[in-house]
Amino acid sequence: MSQIHVTTSINGDATEFLCEAEDTLLDVLRDRLGMTGSKEGCGTGDCGACSVTVDGRLVCSCLMLGAEAEGREVTTIEGMATGDRLHPLQEKFIEMAALQCGICTPGILVAAKSLLEKNPDPSEEEVRYWLAGNLCRCTGYDKIIRAVMDTAADLRRAS
Amino acid sequence: MRYEAPQSVEAAVDLLAGAEGAFVLAGGTDLLVKLRSEMLEPDLVVDIKRIAGMKEITPEDGGWRIGAAVSGAEMGEHAGLVADWPGVVEAAGLIGSTQVQGRATLAGNLCNASPAADSVPAMVAANATVRIVGPQGTRDIAVIDVPESPGKTTLAPGEFIASVFLPAKPKQGGDAYLRFIPRTEMDIAVVGCGVSLVLDSAGKVTSARVSLGAVGPKVMLVEAAAEAILGRALDDSALEDLAAACSAAASPIEDKRGTVDFRRHVAGVLARRAAEIAATRAKGETA
Ligand SMILES: Cc1cc2nc3c(=O)[nH]c(=O)nc-3n(C[C@H](O)[C@H](O)[C@H](O)COP(=O)(O)OP(=O)(O)OC[C@H]3O[C@@H](n4cnc5c(N)ncnc54)[C@H](O)[C@@H]3O)c2cc1C
Ligand code: FES
Ligand code: FES
Chain A
1 MSQIHVTTSI
11 NGDATEFLCE
21 AEDTLLDVLR
31 DRLGMTGSKE
41 GCGTGDCGAC
51 SVTVDGRLVC
61 SCLMLGAEAE
71 GREVTTIEGM
81 ATGDRLHPLQ
91 EKFIEMAALQ
101 CGICTPGILV
111 AAKSLLEKNP
121 DPSEEEVRYW
131 LAGNLCRCTG
141 YDKIIRAVMD
151 TAADLRRAS
Chain B
1 MRYEAPQSVE
11 AAVDLLAGAE
21 GAFVLAGGTD
31 LLVKLRSEML
41 EPDLVVDIKR
51 IAGMKEITPE
61 DGGWRIGAAV
71 SGAEMGEHAG
81 LVADWPGVVE
91 AAGLIGSTQV
101 QGRATLAGNL
111 CNASPAADSV
121 PAMVAANATV
131 RIVGPQGTRD
141 IAVIDVPESP
151 GKTTLAPGEF
161 IASVFLPAKP
171 KQGGDAYLRF
181 IPRTEMDIAV
191 VGCGVSLVLD
201 SAGKVTSARV
211 SLGAVGPKVM
221 LVEAAAEAIL
231 GRALDDSALE
241 DLAAACSAAA
251 SPIEDKRGTV
261 DFRRHVAGVL
271 ARRAAEIAAT
281 RAKGETA
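Here the protein sequences line up with chains A and B, keeping their order.
Quick note on UniProt numbering: the first sequence kicks off at 1 and runs consecutively.
Quick note on UniProt numbering: the second sequence kicks off at 1 and runs consecutively.
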């Protein structure tokens, strides 16, 4: 079977790739484009470690085919920092030790960024519900939630 | 496997009718899981998201036509839909996480044909219909007539759902959907219940539709429950009768997530609570 040729935008860069019809967007990112920031925790939509945005919408890249990315705008964890400058969420996660093994962290950062773009002033309950599809086996979530709330407060003060 | 993303309904029907083992791809939140686990090995996947109109919510006859590729998140952001059918929007909003919401559709939830699908009882209570397109043309059927048995629908080969239609919200009408899950998020309904009702100016029920999910092989419309509250104000005794009718209608299985008795009981409790929310909404108050 011939491969599918896909033209898309990833983190603002025009990107082309070839993939099999069965390949998920996560397979493409990791195995064809070498962008291994997005993680595969489950491959079934449960853990959120593969979170990316597509046309601004937060999705699991393990539940989307690579071929579906044709003409879309994809953003991944690799697009979060600007050059060497970390995103405020990334800085806060380090400062507040909101990660241990780190496998959930890229997905949580992508998801949290997407929340703050939509809602700059979320309540704790809103943050917890928004991130309910991002599982973490290490931290117990508390530091993660506090880091997101703290970043939101910083960003509001700065704007 | 082949992947196609046709741009017209006709092209999609031709593709689906022309291949054995062809599957529609909407949000993919069920289909991709099954692909991964090799529960399904399709020859062809037809992505319907590039077909014109599939991503639109449009007013029609006082109600709303929702394209088959509209996601739960998009429904939740649509003020008109939220105002008219909050129960249906909330039911769709219960499906999975934020990430799953970004892709999951009503028609996908319906055609996956899980007895526990959350949006289905809410659509049944709302008396929603679907527009089916296929080799024989277009037909409209009630949502309740789509599921046949767990994992199976009544759709013929080559057919797919192009849109879901929610009728005009009745004046002084309101709807609600509640489910019971052992956790607070990300779980499959042990029982789900949808209620849609209309009140007269004295607060008496003039019409009602009550549905249950996850307590039988497919969604059920509980006519005895609607009859139990018809013509009555929703006082304690009316709600008690409503709950009893739902408990009696439920024919659940027993598994580690709940015994038969527990599920029957919860069916009644949820019906009662959903009816109270629907009635509050029917009075124009928020709930
Ligand atoms: C982590 C996770 C959590 C979930 N939680 C819930 C939950 O709480 N409640 C719940 O009810 N569900 C849940 N689901 C299941 C799933 O998300 C829903 O059933 C969803 O609505 C499916 O919609 P979709 O558009 O993604 O369907 P798809 O996966 O695209 O399709 C599902 C099935 O329907 C067929 N199909 C899709 N669209 C059409 C159409 N227009 N016409 C004909 N056939 C069609 C497909 O061929 C496939 O067989 C969950 C799934 C995941 C991964
Ligand atoms: S890898 Fe996609 S949700 Fe777990
Ligand atoms: S830090 Fe290890 S899973 Fe979250």
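Derived by calculation from the structure, the hints in this document are not laboratory data.
Please note: incorrect hints may appear among the correct ones.
Unchecked claim - Heads up, incomplete: computed chain B residues facing chain A, CB under 10 Å, no partners named:
1. G27
2. G28
3. K49
4. S97
5. Q99
6. V100
7. Q101
8. M186
9. T286
Claimed, not checked - Capping the alpha-carbon separation at 30 Å, the derived lysine-lysine pairs in DSSO-like fashion look like this:
10. K118(A) <-> K49(B)
11. K152(B) <-> K118(A)
12. K283(B) <-> K256(B)
13. K34(B) <-> K171(B)
14. K34(B) <-> K283(B)
15. K171(B) <-> K49(B)
Using N, Cα and C, we set each Cβ at its ideal position, and we do this for glycine too.
Hint by hint, here is what the structure shows:
1. Taking 10 Å as the C-beta contact cut-off toward chain A, the hint placing G27(B) at the interface holds, the least distance being around 8 Å.
2. Interface hint at G28(B): satisfied, since its Cβ lies 5 Å from the closest Cβ of chain A, which is below the 10 Å cut-off.
3. The beta carbon of K49(B) comes within 7 Å of a beta carbon in chain A, closer than 10 Å, and the hint placing it at the interface holds.
4. Proximity of S97(B) to chain A holds as hinted, the smallest CB-CB distance being about 2 Å (cut-off 10 Å).
5. With a least beta-carbon distance of about 5 Å to chain A, the hint placing Q99(B) at the interface is held under the 10 Å criterion.
6. Below 10 Å, beta-carbon pairs count as interface contacts, and V100(B) has one with chain A at about 6 Å; its hint therefore holds.
7. Because the smallest distance between the Cβ of Q101(B) and any Cβ of chain A comes to about 8 Å, under 10 Å, the interface hint for this residue holds.
8. Against a cut-off of 10 Å between C-beta atoms, the interface hint on M186(B) holds, since the closest Cβ of chain A lies about 6 Å away.
9. Annotation: interface hint on T286(B) violated; nearest CB of chain A at approximately 18 Å, more than 10 Å.
10. For the hint pairing K118(A) with K49(B), the CA-to-CA distance comes to about 24 Å; that is within 30 Å, so the pair holds.
11. Proximity of K152(B) to K118(A) is assessed by CA-CA distance (about 38 Å); at most 30 Å being required, the pair is judged violated.
12. Between K283(B) and K256(B) the alpha-carbon distance is near 40 Å, which puts this suggested pair outside the 30 Å criterion.
13. About 42 Å separates the Cα atoms of K34(B) and K171(B), which puts this hinted pair outside 30 Å; it is violated.
14. A C-alpha spacing of about 43 Å is found between K34(B) and K283(B), which places the hinted pair above 30 Å, so the restraint is violated.
15. In summary, the hint linking K171(B) to K49(B) is not supported, as the alpha carbons are separated by about 34 Å, beyond the 30 Å threshold.
Of the numbered hints given earlier, the model fails hints 9, 11, 12, 13, 14 and 15; all others are met.
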